[in-house]
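Colleague: Quick mapping for you: the protein sequence lines, in order, are chains A, B and C.
Just so we're aligned: the first sequence equals residues 1 to 294 in our numbering.
Just so we're aligned: the second sequence equals residues 1001 to 1219 in our numbering.
Just so we're aligned: the third sequence equals residues 2001 to 2275 in our numbering.
Honestly, I wouldn't trust all of these hints.
Derived BS3-like pairs (lysine-lysine); straight-line CA-CA distance at most 27 Å [what the hints assert, rightly or not]:
| # | chain 1 | residue 1 | chain 2 | residue 2 |
| --- | --- | --- | --- | --- |
| 1 | B | Lys1038 | B | Lys1142 |
| 2 | C | Lys2081 | A | Lys163 |
| 3 | C | Lys2116 | A | Lys163 |
| 4 | C | Lys2256 | A | Lys180 |
| 5 | B | Lys1068 | B | Lys1122 |
| 6 | C | Lys2099 | C | Lys2141 |
| 7 | C | Lys2025 | A | Lys105 |
| 8 | B | Lys1068 | B | Lys1158 |
| 9 | B | Lys1142 | C | Lys2262 |
| 10 | C | Lys2268 | C | Lys2025 |
| 11 | C | Lys2262 | C | Lys2209 |
| 12 | C | Lys2209 | B | Lys1068 |
| 13 | A | Lys180 | C | Lys2088 |
| 14 | C | Lys2256 | B | Lys1204 |
| 15 | A | Lys193 | C | Lys2088 |
| 16 | C | Lys2262 | A | Lys180 |
| 17 | C | Lys2109 | A | Lys193 |
| 18 | C | Lys2053 | C | Lys2166 |
| 19 | C | Lys2044 | B | Lys1145 |
| 20 | A | Lys180 | C | Lys2109 |
| 21 | B | Lys1142 | C | Lys2256 |
| 22 | C | Lys2081 | C | Lys2044 |
| 23 | C | Lys2153 | C | Lys2166 |
| 24 | C | Lys2209 | C | Lys2044 |
| 25 | B | Lys1158 | B | Lys1123 |
| 26 | B | Lys1011 | C | Lys2166 |
| 27 | B | Lys1068 | C | Lys2167 |
| 28 | B | Lys1068 | B | Lys1011 |
| 29 | A | Lys193 | C | Lys2262 |
| 30 | C | Lys2167 | A | Lys163 |
| 31 | A | Lys163 | A | Lys180 |
| 32 | C | Lys2262 | B | Lys1204 |
| 33 | B | Lys1163 | B | Lys1204 |
These are computed hints drawn from the structure, not numbers from a lab.
Spelled out from the first residue to the last, the chains are:
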Amino acid sequence: MFRSNVKNRLLVDKIMMGVVFACVITAITPLLWILGTLFYGGAEALSWEFLTQEPGAVGGGIPPAIGPAIQGTLIIIGLSSILGIPIGVMSGIYLAEFGGSWFSKQIRFFTDVFMEFPSIVLGVVAFLAIVLVLGHFSVWAGAFALSLIMFPIIARATEEALKMVPWSIREAGTALGLRKWIVTLRIVIPAAKNGIITGILLSVSRVGGETAPLIMTILGSSQFFGGLDSPMDALPLRIWRFSLQPYDEARLAGWGAALVLVITILAIHIGVRYWFIHRRKSMGMSPRFSKVGV
Amino acid sequence: MTRLIDPSLDKLSRLMSQMGDMAMECVSLAVDSYLEGKGTGGRVRELSTEITTKYFEVEDLTFDMLLKYQPVADDFRLIRSSTEISYAFSRFGRYAYDITQVRHLFGDISECKNDSLFEAAKKVKHMIRDAVLSFAELDVRKAVKIQEDEAFIDRMYKERLPKLIESKNTKCALAEALLLRYLERIGDHAVFMSDAINYIVTGKHRPTQEQISSHISKN
Amino acid sequence: MATVITPKPASSTIVGSPINIPQKKYKMVTENVNVYYGNFLAVKNISIKFPEKSVTALIGPSGCGKTTFLRCLNRMHDMTKSARVEGKVMIDDIDLYDKSIDPIYHRRKVGMVFQKPNPFPTMSIYDNVVAGVRLNGVRDKKILDEIVEDSLKMAYLWNEVKDDLKKPAIELSGGQQQRVCIARALAIQPEVLLMDEPASALDPIATQKIEETITELKNDYCIIIITHNMQQAVRVSDYTGFMYLGDLIEFRETRKLFTDPKNELTAKYVQGHFG
Chain A
1 MFRSNVKNRL LVDKIMMGVV FACVITAITP LLWILGTLFY GGAEALSWEF
51 LTQEPGAVGG GIPPAIGPAI QGTLIIIGLS SILGIPIGVM SGIYLAEFGG
101 SWFSKQIRFF TDVFMEFPSI VLGVVAFLAI VLVLGHFSVW AGAFALSLIM
151 FPIIARATEE ALKMVPWSIR EAGTALGLRK WIVTLRIVIP AAKNGIITGI
201 LLSVSRVGGE TAPLIMTILG SSQFFGGLDS PMDALPLRIW RFSLQPYDEA
251 RLAGWGAALV LVITILAIHI GVRYWFIHRR KSMGMSPRFS KVGV
Chain B
1001 MTRLIDPSLD KLSRLMSQMG DMAMECVSLA VDSYLEGKGT GGRVRELSTE
1051 ITTKYFEVED LTFDMLLKYQ PVADDFRLIR SSTEISYAFS RFGRYAYDIT
1101 QVRHLFGDIS ECKNDSLFEA AKKVKHMIRD AVLSFAELDV RKAVKIQEDE
1151 AFIDRMYKER LPKLIESKNT KCALAEALLL RYLERIGDHA VFMSDAINYI
1201 VTGKHRPTQE QISSHISKN
Chain C
2001 MATVITPKPA SSTIVGSPIN IPQKKYKMVT ENVNVYYGNF LAVKNISIKF
2051 PEKSVTALIG PSGCGKTTFL RCLNRMHDMT KSARVEGKVM IDDIDLYDKS
2101 IDPIYHRRKV GMVFQKPNPF PTMSIYDNVV AGVRLNGVRD KKILDEIVED
2151 SLKMAYLWNE VKDDLKKPAI ELSGGQQQRV CIARALAIQP EVLLMDEPAS
2201 ALDPIATQKI EETITELKND YCIIIITHNM QQAVRVSDYT GFMYLGDLIE
2251 FRETRKLFTD PKNELTAKYV QGHFG
């Protein structure tokens, strides 16, 4: 009978809740531990000079500064985004709205394979295609490599976000006598906006921490940005370099740089999301109706 | 597939057929009582009252069905005509009762019978039987016959009535006048009934003149 | 032409369509429309003349092709790759399927309201109503304001929402959303209005309001409505067409079709013997 095992079922329910809760704790704990360690290890290194000066000679007793590295990270993320986002979004739109043909099936397959490429391989590609051809390491090469990493993530996320928009919306737009590109641009994409933004944010976080491709393309440097044709520094590179040096202050600088990197990525995330939630609230939309992703 | 409305339609059909049988019996008894002097007044009154009760039942039932089921097409026409037909039945009962009352009020009228009355009475009995059968079988061909019979009674009514003014026997003249009047009215309602049946079957409100004239010219 | 199904002596006449209504202009005329989904013939040779300023209801059991046929009337099948339409659909003597005309331009003459209300989710009520107009290039705020007011008034929604036009449309109730969709369809000033079971997803009060709206609109528009609700067809429409398995079985004035259907299949369907 159904009534007799109610007690059992409640007990099982409680146990399962406990198990799930434990799993969540297990998943979050390392994350919090990492953040805590970073803070503990790197907070000491933070100072205005640390954040804005060039590293200078090693061995002076004070942690080498990471000014150029911060600048470099921001530049490389920005440049890669300029290259990768438009192409990624447009590919996603093409796949979602005009897909179904043999051609788009190949594109989709290609994109999926691309996503799985080890980033170091993409770094090598950029090395061969740009660094060797031009004869020197450059920011262009780095941006190119990173945009290759960003492009499939954004394309897929965009495609999925667009697919989540109900078909009835497109029908309604078409029934109003609007051309297909207007329906896509002015009606469907705004409805998929959140999913697309999420895809972009994910790709930005991903490339913000990439090291291997940068080794072979922008190489790293101790100076501030010197032109798109020259090598440049970036936080992941700098952290790696610091970790190889035997000096204590270098290690400390490494922790500090790692902390700065994590905070930067976090800030980008929170900033973009807040901008969207804040904007939606001021438009009068309640969070209940938030769409995919955010 | 049984629809929600079907049990109610069955009930309606039962009521109507009961009313039809009672109406036939009623009018037959009344006419015979007049022509043959039988004392059937009590039974006729009984039947007539019962027909009226059933008439009210039918009214309630039809409006109930309209409210609940919003019928269309055949169902709709059937229900709509049922009100007219059941009213006709109730009228048959009423006039049958009135006919028996003539004998009751006037006393012995056995010397008043004549051939034309016999004929009229026979025609009326046929008419009612035709009407009831026509409804039971939803057969419109009988409608034309009913129209003919009604025309005959109408003619007779118009012919006889003026002649009665010159009659020497006041009692018989009055009795005959009343009887003719009731027969004529029964005839009218029989025709209304046949119109209603025609509506059920064909969706049209009257059989066309052509049908009538072509049928008459054939005979 | 319409097919005759197992006639009985009493009611066997073939129901011809198109019927010719004297002194009335026809707004939309279809001739021999066939629709194929792949190899499957979903709509079979339908020719109907829809009079102007009237409401025509299309009824029939699920899967009989009503929606497929309706979608021919504004070329919605262009969106579906596997669908192929043959025949003519004419508005005021212009065939929508003629190769030489721009389908999108003429599609604006036909408004469509769908079964499930589908306001654009990211737009406010105001933006939704003017979407068809604004996205076609009209920018003047005064004109847009006027269009919003007129359309919402025609859809019987103005008084309920006039104080809060910036509210997101999806925060309205189902019935209100559907009326926003009606207003949106009316805003592009179509000549024909197509409605695919517009009230089927709504509660009875909302349904009543939609029916009232339709009854008002028919003074100006040719309206073609698909409905599963027989009583709604009786209440709202002037002409009714009964479809079954892709064929048009009967097409007559509503009152006649529902009190005295000529075709036995029609009689069976409207009385609920199947479907």
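Colleague: Next step is simple, just say for each hint if it's right about the structure.
Modeller: Hints and how they fare:
| no. | hint | verdict |
| --- | --- | --- |
| 1 | Lys1038/B <-> Lys1142/B | violated, 31 Å |
| 2 | Lys2081/C <-> Lys163/A | holds, 17 Å |
| 3 | Lys2116/C <-> Lys163/A | holds, 19 Å |
| 4 | Lys2256/C <-> Lys180/A | violated, 43 Å |
| 5 | Lys1068/B <-> Lys1122/B | violated, 43 Å |
| 6 | Lys2099/C <-> Lys2141/C | violated, 36 Å |
| 7 | Lys2025/C <-> Lys105/A | violated, 50 Å |
| 8 | Lys1068/B <-> Lys1158/B | violated, 47 Å |
| 9 | Lys1142/B <-> Lys2262/C | holds, 22 Å |
| 10 | Lys2268/C <-> Lys2025/C | violated, 32 Å |
| 11 | Lys2262/C <-> Lys2209/C | violated, 32 Å |
| 12 | Lys2209/C <-> Lys1068/B | holds, 22 Å |
| 13 | Lys180/A <-> Lys2088/C | holds, 24 Å |
| 14 | Lys2256/C <-> Lys1204/B | holds, 10 Å |
| 15 | Lys193/A <-> Lys2088/C | violated, 40 Å |
| 16 | Lys2262/C <-> Lys180/A | violated, 45 Å |
| 17 | Lys2109/C <-> Lys193/A | violated, 31 Å |
| 18 | Lys2053/C <-> Lys2166/C | violated, 33 Å |
| 19 | Lys2044/C <-> Lys1145/B | violated, 45 Å |
| 20 | Lys180/A <-> Lys2109/C | holds, 17 Å |
| 21 | Lys1142/B <-> Lys2256/C | holds, 25 Å |
| 22 | Lys2081/C <-> Lys2044/C | holds, 19 Å |
| 23 | Lys2153/C <-> Lys2166/C | holds, 17 Å |
| 24 | Lys2209/C <-> Lys2044/C | violated, 34 Å |
| 25 | Lys1158/B <-> Lys1123/B | holds, 16 Å |
| 26 | Lys1011/B <-> Lys2166/C | violated, 58 Å |
| 27 | Lys1068/B <-> Lys2167/C | violated, 41 Å |
| 28 | Lys1068/B <-> Lys1011/B | holds, 15 Å |
| 29 | Lys193/A <-> Lys2262/C | violated, 55 Å |
| 30 | Lys2167/C <-> Lys163/A | holds, 26 Å |
| 31 | Lys163/A <-> Lys180/A | holds, 16 Å |
| 32 | Lys2262/C <-> Lys1204/B | holds, 12 Å |
| 33 | Lys1163/B <-> Lys1204/B | violated, 39 Å |
Taken one by one, the earlier hints fail for this structure at numbers 1, 4, 5, 6, 7, 8, 10, 11, 15, 16, 17, 18, 19, 24, 26, 27, 29 and 33, listed in ascending order.
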